[in-house]
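S.K.: In order, the protein sequences belong to chains A and B. Residue 77 is where the first sequence starts when you use this note's numbering, and the numbers rise one by one after that. Residue 2 is where the second sequence starts when you use this note's numbering, and the numbers rise one by one after that.
Treat the hints with care, since some could be wrong.
Going by beta-carbon spacing under 10 Å, a handful of chain A positions derived as facing chain B [as the list claims (entries may be wrong)]:
(1) Phe-180
(2) Ala-214
(3) Met-237
Derived SDA-like pairs (lysine to any residue); straight-line CA-CA distance at most 25 Å [as the list claims (entries may be wrong)]:
(4) A/Lys-438 with A/Pro-425
(5) B/Lys-182 with B/Thr-6
(6) A/Lys-438 with B/Asp-93
(7) B/Lys-24 with A/Glu-437
(8) A/Lys-438 with B/Cys-97
(9) A/Lys-438 with B/Gly-108
(10) A/Lys-438 with B/Ala-275
(11) B/Lys-47 with A/Asp-242
(12) A/Lys-438 with B/Ser-197
(13) A/Lys-334 with A/Glu-387
(14) B/Lys-24 with A/Asp-242
Quick caveat, the hints were computed from the structure, so don't treat them as lab data. Idealized CB from N, CA, C, for every residue including glycine.
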Amino acid sequence: MTHPAMNDPVDPVFGPPPEQTPDPELVQLLTPEGERLHHPGFDADFSPEQLRGFYRDMTLVRRLDVEATALQRHGELGLWAQLLGQEAAQIGAGRALAPQDYVFPTYREHGVAWCRGVDPVRLLALFRGVDQGSWDPAEHNFGLYTIVIGAQTLHATGYAMGVQRDGLVGTGDPDRDTAVVAHFGDGASSQGDVNEAFVFAASYNAPVVFFCQNNQWAISEPFERQSRIPLYRRAHGFGFPGIRVDGNDVLATYAVTKAALQRAREGQGPILIEAYTYRMGAHTTTDDPTRYRLSEDVEHWKLKDPIARLEVYLRRNGLADDAFWAEVAAEADALGERMRRECHALPDPSPHDLWDLVHAEKTPELAAQQAAYDAHVASFEEVH
Amino acid sequence: MVTMTLAKALNAGLRKVMEDDDKVVVMGEDVGALGGVFRITDGLQKDFGDDRVIDTPLAESGIVGTAVGLAMRGYRPVVEIQFDGFVYPAYDQIVCQVAKLHFRSQGRVRIPMVIRIPFGGGIGAVEHHSESPEAQFVHTPGLKVVACSNPADAYAMIQQAIHADDPVVFLEPKRLYHSAKADVDESAPPAPLWQSRVVRPGSDVTLVGYGPTVSTCLDAATVAAEEGRSLEVIDLRTLSPLDLLPVHESVRRTGRLVVVHEAHVTLGLGAEIAARVTEECFHSLEAPVLRVGGFDTPYPPARIEDAFLPDLDRVLDAVDRTFEF
Chain A
77 MTHPAMNDPV
87 DPVFGPPPEQ
97 TPDPELVQLL
107 TPEGERLHHP
117 GFDADFSPEQ
127 LRGFYRDMTL
137 VRRLDVEATA
147 LQRHGELGLW
157 AQLLGQEAAQ
167 IGAGRALAPQ
177 DYVFPTYREH
187 GVAWCRGVDP
197 VRLLALFRGV
207 DQGSWDPAEH
217 NFGLYTIVIG
227 AQTLHATGYA
237 MGVQRDGLVG
247 TGDPDRDTAV
257 VAHFGDGASS
267 QGDVNEAFVF
277 AASYNAPVVF
287 FCQNNQWAIS
297 EPFERQSRIP
307 LYRRAHGFGF
317 PGIRVDGNDV
327 LATYAVTKAA
337 LQRAREGQGP
347 ILIEAYTYRM
357 GAHTTTDDPT
367 RYRLSEDVEH
377 WKLKDPIARL
387 EVYLRRNGLA
397 DDAFWAEVAA
407 EADALGERMR
417 RECHALPDPS
427 PHDLWDLVHA
437 EKTPELAAQQ
447 AAYDAHVASF
457 EEVH
Chain B
2 MVTMTLAKAL
12 NAGLRKVMED
22 DDKVVVMGED
32 VGALGGVFRI
42 TDGLQKDFGD
52 DRVIDTPLAE
62 SGIVGTAVGL
72 AMRGYRPVVE
82 IQFDGFVYPA
92 YDQIVCQVAK
102 LHFRSQGRVR
112 IPMVIRIPFG
122 GGIGAVEHHS
132 ESPEAQFVHT
142 PGLKVVACSN
152 PADAYAMIQQ
162 AIHADDPVVF
172 LEPKRLYHSA
182 KADVDESAPP
192 APLWQSRVVR
202 PGSDVTLVGY
212 GPTVSTCLDA
222 ATVAAEEGRS
232 LEVIDLRTLS
242 PLDLLPVHES
252 VRRTGRLVVV
262 HEAHVTLGLG
272 AEIAARVTEE
282 CFHSLEAPVL
292 RVGGFDTPYP
302 PARIEDAFLP
312 DLDRVLDAVD
322 RTFEF
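Pulled out of the complex, with its shape left as it was, chain B reads as follows:
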């Protein structure tokens, strides 16, 4: 058992996979000597060499596109996109190539690539450094999308994503990189990657979050408990495929569901979850499924990002509103 930050857990997970499989290569801007702008790849180039930890030219489409070629040659590339807002130059390669090659080739070509994206806001950054583009990738058949929310998951999930034979968009909650610290048992058998998890049981309202909003939901549950309300919190972990079985089971007990994400509300994950839960749990629902998320505006200047991001008050307000129907 070792106490680690989320950043350190990702670093340790990457190191473990690279030790186990010499076909795993890490590539991206500044991932070498610098260790990445968030230091997630710290020390890896020193230990594994610049053939396996590849500093790239500053071109995201080039990074993902060359990673496709490396994958076709039998490698397992782990690509770092420096910030969420910089993924768009690679969007064509991700959507048209990475996602479709298995389908187009009738399964003959596999792209076991992991695209790591630090996502979400709350770090006081300039424009394009705080976004949550996950819905665009979830909406793309052929990709799998996961988001970690704590160090233990980060350590296990990055390894599982790299072992997967399908392309995985791996979302990392950047504002928790160096603040979330927890004990990580490196020898513990990991939970299955494609499963969501109840992280706090409760009986009155179900809260669903992923990535950075899991801690917001847990905080909300703590406060609500003081007010005598029992909130069940579910960490989705996997966004594509969505594992909503625990959500359905929970909603059948609570009758109330609030989905929390930083991404824009319209056509975000919450919309899809609301549709599916309505279909599966229609007769159990005591209130409409409510969504708490980023507004349908571009991400705002940092001085007012707290107003944009779902916070404790907005989550608790939504919880209250589920009792008004």
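Okay, chain A solo, but in the shape it has when bound:
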């Protein structure tokens, strides 16, 4: 789709329109064909063990996603937001974290949740309607899923301001210096909260890495509807660096995120990473992407699959043996089986508890409402 203004001539007073093409340079360390590239800014050595770890992570979170999608189709989940195609962006970003770093996710960061040690069954519980997030954010340094688009970017910025006040930026101690990651998507980039987060983070030089997975689609709205310039360039207008990385390349995503986190921990302030990827599945299980996008586009992106390219690289270079492939496949099967079993076993919460969760200090009003509800329920028990 061509934006009408793209053909505008250069304005004699205001100059040229914002640059639309060509595609900006993409940081890439592993091509879709599985060839290893080198990049002057982000060259990194990866051990065979690390590479196999990335493969394992991505394969398992893809299985997690497939399994959850199937559970939704079977009526066990009310909804599922698929990550298919975004495994590299999420595993790269997740594995680049130091233990003390803190992550604020959207509702699709199942891969990052995996890296932070959140049990996949906890994600199922949320989408099953059992709860609204049952992991302890402080235990995993991983916030709760946030459904209001972009709201969490401000929380991340404020949290980073807290880290600054705790004196945990630029101490030089790698075990203490702390950075914060704000996840969001291309659709969220249009939200006021995201833009305000950019302003606050820049103003206070907060140690926050804005990690945007540009998966090209905000439900049915294409990226062109959100921005007339590549997203990473938005950062420049706010006064901090932005960079576009191949979001289907786990090595590049890892290297760029790691460098950005380090930069933030040292006190050099915020940065925007645009992980350029593609949402291979639907927005959620309620969505039907065949109504608004071409299957050729999806086919095109299939060729850029994040897992396939790493598998090619590992096989071609003899970095994994048959036992490894079999082990990961078995692990994925076991994960799927456990997710099905434990999902079915999730108990419904008790309505009685609702009133206990509203405040830290329950009010007499809520206690009275709770007592009235309990009496109402009890009245049926007496009848029977």
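Please arrange chain B on chain A, whose structure you already have, making use of the hints.
M.R.: Coordinates of chain B only, in the frame set by chain A:
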């Protein structure tokens, strides 16, 4: 005992909490060197530094949203919204995040945040500077809402609100900031925050107000007394949770109730109080519960705001009408 304006009492209360707890941070537009447009934070940045008294970019959602993050990191942010009518850009963060995080996280995440909002009219201001949005926050589960009406309460209540582990919307009657002066005993043990209070006993009609309308109710009671009518005045102080026990007790004696607030009458606090009092005191009521409040129009231009705001005559008229049933 020190004589203070309401503004000075808030300032002293903030100062006291900041001295006692270094996790308390104040943030908002112009709260630093300027001391806030109403000077409530006067001198705090000079004494506590700009890490604890944070001048923010001009973006209300950003202020409240970053305060959520600070709270999650263990701080106790006290956010200043410059004027009532400017709270709406932050409404999403307040309603969807601040109010719900404790519930969503099953109690794992606490947001001990205070959102200070100067509210109400009567200062001759331009549009958006005179509103009373309290019902919108009272209607939001997860928030607590209080309103102070005098310097002694302001001094104690701001400290109690900051000590609370739940988010509190703290409403300050802006037209009383510099006019209400009273003795404040800084060493006196404060009354519980979540309780309303009888501020003038009476026997014929119960008047309920909060924030700026408490003084209107007290004036009405003084005038009515000259006419031989005894009005009991109750300062609600806490709007969510509502503490209506003193109101019920009072109405059981008087049989008549008038609720006074500057907010629009329809679905205002008065409507909720009328419903609850009807439920609790049905057989004691001699008249329907009457409401005196702002009209169901947008807040008017300042030259005619006196017609919009509940005044002595409208309150006394409502008192008279409770005897017509």
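S.K.: Have a go at the A/Ala-214 hint: is there a Cβ in chain B nearer than 10 Å to its own Cβ?
M.R.: Given a least distance of 7 Å, the restraint on A/Ala-214 holds.
S.K.: Between A/Lys-438 and B/Cys-97, is the straight-line Cα distance small enough, at 25 Å or below?
M.R.: holds (19 Å)
S.K.: Decide if the proposed pair is consistent with the structure: A/Lys-438 and A/Pro-425, CA atoms, cutoff 25 Å inclusive.
M.R.: Since the Cα atoms of A/Lys-438 and A/Pro-425 sit roughly 19 Å apart, the hinted pair holds (cutoff 25 Å).
S.K.: What's the verdict on B/Lys-24 and A/Asp-242, does the C-alpha distance respect the 25 Å limit or exceed it?
M.R.: Within the cut-off at roughly 10 Å; holds.
S.K.: Does A/Phe-180 pass the interface check with chain B, least Cβ-Cβ distance below 10 Å?
M.R.: holds (8 Å)
S.K.: Below or equal to 25 Å on CA atoms is what counts here, so check A/Lys-334 against A/Glu-387.
M.R.: With Cα atoms ~23 Å apart, A/Lys-334 and A/Glu-387 stay inside 25 Å; holds.
S.K.: Does the alpha-carbon distance linking B/Lys-182 and B/Thr-6 stay inside the 25 Å limit?
M.R.: Answer holds: B/Lys-182 to B/Thr-6 is near 4 Å, not above 25 Å.
S.K.: With a cut-off of 25 Å on the C-alpha distance, tell me whether A/Lys-438 and B/Asp-93 pass.
M.R.: holds (23 Å)
S.K.: B/Lys-24 and A/Glu-437: Cα distance at most 25 Å?
M.R.: holds (20 Å)
S.K.: Quick one, are A/Lys-438 and B/Gly-108 close enough, alpha carbons at most 25 Å?
M.R.: Holds, because 11 Å separates the two Cα atoms, which is no more than 25 Å.
S.K.: Taken at face value, is the distance from the CA of B/Ala-275 to the CA of A/Lys-438 at most 25 Å?
M.R.: Within the cut-off at roughly 24 Å; holds.
S.K.: Tell me if A/Met-237 is really an interface residue toward chain B, meaning its C-beta lies closer than 10 Å to one of theirs.
M.R.: This interface hint holds because 6 Å falls under the 10 Å limit.
Every hint, counting from the list given before, is met by this structure.
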